[in-house]
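Chemist: Sequence:
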Amino acid sequence: MKERIGDTFMANIKAFRGYRYNTDKIDNLGSVISPPYYNMAKEDKDALYDKSEYNSVRLFSGKKFESDTREENTFTRAKNYLDKWIEDGILVRDEEPVIYMYEQTIEMYDTHYSNTSFVALVELEEIGKGAIMPCEKPHEVSMLDRYELLKSTNADMSMISCLYVEPEKELFNLMNELREEKPDLEFSSDDNVQQKIWKISYKPTIDFIIEHFKDLSLYITDGQTRYETCLQYRDYMKEHNPNHTGKEPYNYMICLL
3 MKERIGDTFM
13 ANIKAFRGYR
23 YNTDKIDNLG
33 SVISPPYYNM
43 AKEDKDALYD
53 KSEYNSVRLF
63 SGKKFESDTR
73 EENTFTRAKN
83 YLDKWIEDGI
93 LVRDEEPVIY
103 MYEQTIEMYD
113 THYSNTSFVA
123 LVELEEIGKG
133 AIMPCEKPHE
143 VSMLDRYELL
153 KSTNADMSMI
163 SCLYVEPEKE
173 LFNLMNELRE
183 EKPDLEFSSD
193 DNVQQKIWKI
203 SYKPTIDFII
213 EHFKDLSLYI
223 TDGQTRYETC
233 LQYRDYMKEH
243 NPNHTGKEPY
253 NYMICLL
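The sequence shown begins at 3 in our numbering and counts up one residue at a time.
Source of the hints: derived by calculation from the structure; they are not laboratory data.
It is possible that part of the hints are untrue.
[Stated by the list, open to error] Once the Cα atoms are required to be at most 27 angstroms apart in a straight line, the calculated BS3-like pairs of lysine-lysine come out as:
#: 1; residue 1: K153; residue 2: K86
#: 2; residue 1: K171; residue 2: K184
#: 3; residue 1: K47; residue 2: K131
#: 4; residue 1: K16; residue 2: K65
#: 5; residue 1: K240; residue 2: K81
#: 6; residue 1: K44; residue 2: K184
#: 7; residue 1: K249; residue 2: K16
#: 8; residue 1: K65; residue 2: K53
#: 9; residue 1: K153; residue 2: K44
#: 10; residue 1: K153; residue 2: K131
#: 11; residue 1: K66; residue 2: K81
#: 12; residue 1: K240; residue 2: K131
#: 13; residue 1: K66; residue 2: K86
#: 14; residue 1: K16; residue 2: K53
#: 15; residue 1: K16; residue 2: K47
#: 16; residue 1: K171; residue 2: K47
#: 17; residue 1: K16; residue 2: K201
#: 18; residue 1: K131; residue 2: K66
#: 19; residue 1: K81; residue 2: K153
#: 20; residue 1: K249; residue 2: K65
#: 21; residue 1: K65; residue 2: K81
#: 22; residue 1: K16; residue 2: K44
#: 23; residue 1: K184; residue 2: K153
#: 24; residue 1: K198; residue 2: K16
#: 25; residue 1: K27; residue 2: K65
#: 26; residue 1: K16; residue 2: K153
#: 27; residue 1: K184; residue 2: K66
#: 28; residue 1: K198; residue 2: K27
#: 29; residue 1: K27; residue 2: K86
#: 30; residue 1: K153; residue 2: K65
#: 31; residue 1: K27; residue 2: K47
#: 32; residue 1: K171; residue 2: K240
#: 33; residue 1: K153; residue 2: K171
[What the hints assert, rightly or not] For each label pair, taking beta carbons as the anchor points, the in silico distance ranges come out as:
#: 34; residue 1: D209; residue 2: Y51; range: 27 to 33 angstroms
#: 35; residue 1: R22; residue 2: M177; range: 28 to 34 angstroms
#: 36; residue 1: D85; residue 2: A49; range: 23 to 29 angstroms
#: 37; residue 1: D96; residue 2: E182; range: 18 to 24 angstroms
#: 38; residue 1: K16; residue 2: K184; range: 21 to 27 angstroms
#: 39; residue 1: L233; residue 2: K184; range: 35 to 41 angstroms
#: 40; residue 1: D112; residue 2: K171; range: 40 to 46 angstroms
Heads up, the beta-carbon is just placed ideally off N, CA and C, and yes, glycines get one too.
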């Protein structure tokens, strides 16, 4: 049940224990990241496969083959990759719940442009009826594929992006403070974008972020199809869980804020 502040629903976010690449086993993080596109040209997908046996494209947008069956297909292969990478320590889970701060910087015409975001779990709700606002019409074909991927892997591997408007700039000021600290991860991707990730584990800071988002609406800027697929998956899991409480992981999805 969503809470209200006047006529505004509150956005509920929380920290989480994310899985990420193990830098003790992956020397070049740029070799394992891939664009967040489900549909990409075959040659682009082939290049990502060739770049690393652990490139993330194998998880959320793997190749399809004419020989695929119900038992062996892009979704079952994604589950096998995910399970194996976790078992082998290629992917490791953070030991405590955190909110991540993620910054991308690119230089163009001698000027640096940066985009800084918080990454957290956001509680799923019916779109447009609470704090989360829509941006596009979902694509049914993509929804079918994303749903099969979710059912096969039981894992959220492709976060959505949401914009928020913050009149008081308190979260913005917090970002500037956190930026002064050494990032936990830092690397460059092939498109010359500098990537930095900070893990926010200090509970008072996490609580500060969570409380401030309760006053904000979230506007989906990318990923509405993925969001609605997660809603469909949540409803499926809820129906098949007689002990449903609303606190299970399937009630949330990863969001770039």
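Chemist: If a hint holds in the structure, say so; if it doesn't, say that too.
Modeler: For each hint, the structure was consulted:
1. Straight-line distance between C-alpha atoms of K153 and K86 comes to about 18 angstroms, which keeps the hinted pair within the 27 angstroms bound.
2. At most 27 angstroms may separate the alpha-carbon atoms for a hinted pair to count; K171 and K184 meet this at roughly 22 angstroms.
3. Distance hint between K47 and K131 is unfulfilled; the C-alpha atoms sit about 37 angstroms from each other, more than 27 angstroms.
4. In summary, the hint linking K16 to K65 is not supported, as the alpha carbons are separated by about 33 angstroms, beyond the 27 angstroms threshold.
5. For the suggested pair K240 and K81, the alpha carbons sit about 22 angstroms apart, so the restraint of at most 27 angstroms is met.
6. At roughly 38 angstroms between alpha-carbon atoms, K44 and K184 are farther apart than 27 angstroms, so this suggested pair is violated.
7. Only pairs whose Cα atoms come within 27 angstroms are accepted, and K249 paired with K16 is accepted, the gap being roughly 11 angstroms.
8. Taking the CA atoms of K65 and K53, the gap is about 15 angstroms. The hint holds against a cut of 27 angstroms.
9. Restraint check for K153 and K44: satisfied, since their Cα atoms lie roughly 25 angstroms apart, inside the 27 angstroms limit.
10. Our distance criterion of 27 angstroms between C-alpha atoms is met by K153 and K131, whose separation comes to about 26 angstroms.
11. Using a Cα cut-off of 27 angstroms, the hinted pair K66 and K81 holds, with the two alpha carbons roughly 14 angstroms apart.
12. With a CA separation close to 20 angstroms, the supplied pair K240 and K131 stays within the 27 angstroms bound.
13. Restraint check: the Cα-Cα separation between K66 and K86 comes to about 20 angstroms, which is no more than 27 angstroms; the hinted pair holds.
14. For the proposed pair K16 and K53, the alpha carbon gap of about 34 angstroms is over 27 angstroms, so the pair is violated.
15. Proposed proximity of K16 and K47 is contradicted: the alpha carbons are some 33 angstroms apart, above 27 angstroms.
16. Proximity of K171 to K47 is assessed by CA-CA distance (about 40 angstroms); at most 27 angstroms being required, the pair is judged violated.
17. A C-alpha spacing of about 14 angstroms is found between K16 and K201, which places the hinted pair at or below 27 angstroms, so the restraint holds.
18. Proximity of K131 to K66 is assessed by CA-CA distance (about 37 angstroms); at most 27 angstroms being required, the pair is judged violated.
19. Distance hint between K81 and K153 is fulfilled; the C-alpha atoms sit about 10 angstroms from each other, no more than 27 angstroms.
20. For the given pair, K249 sits about 34 angstroms from K65 by alpha-carbon distance, which is inconsistent with the 27 angstroms threshold.
21. A threshold of 27 angstroms between alpha carbons decides the hint, and for K65 with K81 the separation of about 13 angstroms falls inside it, so the pair holds.
22. Proposed proximity of K16 and K44 is contradicted: the alpha carbons are some 37 angstroms apart, above 27 angstroms.
23. Straight-line distance between C-alpha atoms of K184 and K153 comes to about 38 angstroms, which puts the hinted pair past the 27 angstroms bound.
24. Simply put, K198 and K16 have alpha-carbon atoms about 21 angstroms apart, close enough for the 27 angstroms limit, and the pair holds.
25. Among the hinted pairs, K27 with K65 is consistent with the structure: their alpha-carbon atoms are about 24 angstroms apart, no more than 27 angstroms.
26. Under the criterion of a C-alpha separation no larger than 27 angstroms, the hint pairing K16 with K153 is consistent with the structure, at around 23 angstroms.
27. Between the alpha carbons of K184 and K66 the distance comes to roughly 41 angstroms, so the proposed pair goes past 27 angstroms and is violated.
28. Distance hint between K198 and K27 is fulfilled; the C-alpha atoms sit about 19 angstroms from each other, no more than 27 angstroms.
29. Taken as a hint, the K27 and K86 pair is honoured in the structure, with Cα atoms around 14 angstroms apart against an allowance of 27 angstroms.
30. Distance hint between K153 and K65 is fulfilled; the C-alpha atoms sit about 18 angstroms from each other, no more than 27 angstroms.
31. Our distance criterion of 27 angstroms between C-alpha atoms is met by K27 and K47, whose separation comes to about 23 angstroms.
32. Between K171 and K240, the direct Cα distance comes to roughly 37 angstroms. Violation of the 27 angstroms bound is thereby established for this hinted pair.
33. Between K153 and K171, the direct Cα distance comes to roughly 39 angstroms. Violation of the 27 angstroms bound is thereby established for this hinted pair.
34. A beta carbon spacing of about 42 angstroms between D209 and Y51 contradicts the range 27 to 33 angstroms that was offered as a hint.
35. The beta-carbon spacing between R22 and M177, approximately 20 angstroms, falls outside the hinted interval of 28 to 34 angstroms.
36. A C-beta distance of roughly 25 angstroms is found between D85 and A49, which places it inside the suggested range of 23 to 29 angstroms.
37. Taken as a hint, the range 18 to 24 angstroms holds for the pair D96 and E182, whose Cβ atoms sit roughly 22 angstroms apart.
38. About 25 angstroms separates the C-beta atoms of K16 and K184, a value consistent with the hinted range of 21 to 27 angstroms.
39. Between L233 and K184 the C-beta distance comes to about 38 angstroms, which sits within the given range of 35 to 41 angstroms.
40. The beta-carbon spacing between D112 and K171, approximately 28 angstroms, falls outside the hinted interval of 40 to 46 angstroms.
In summary, the numbered hints that this structure violates are 3, 4, 6, 14, 15, 16, 18, 20, 22, 23, 27, 32, 33, 34, 35 and 40.
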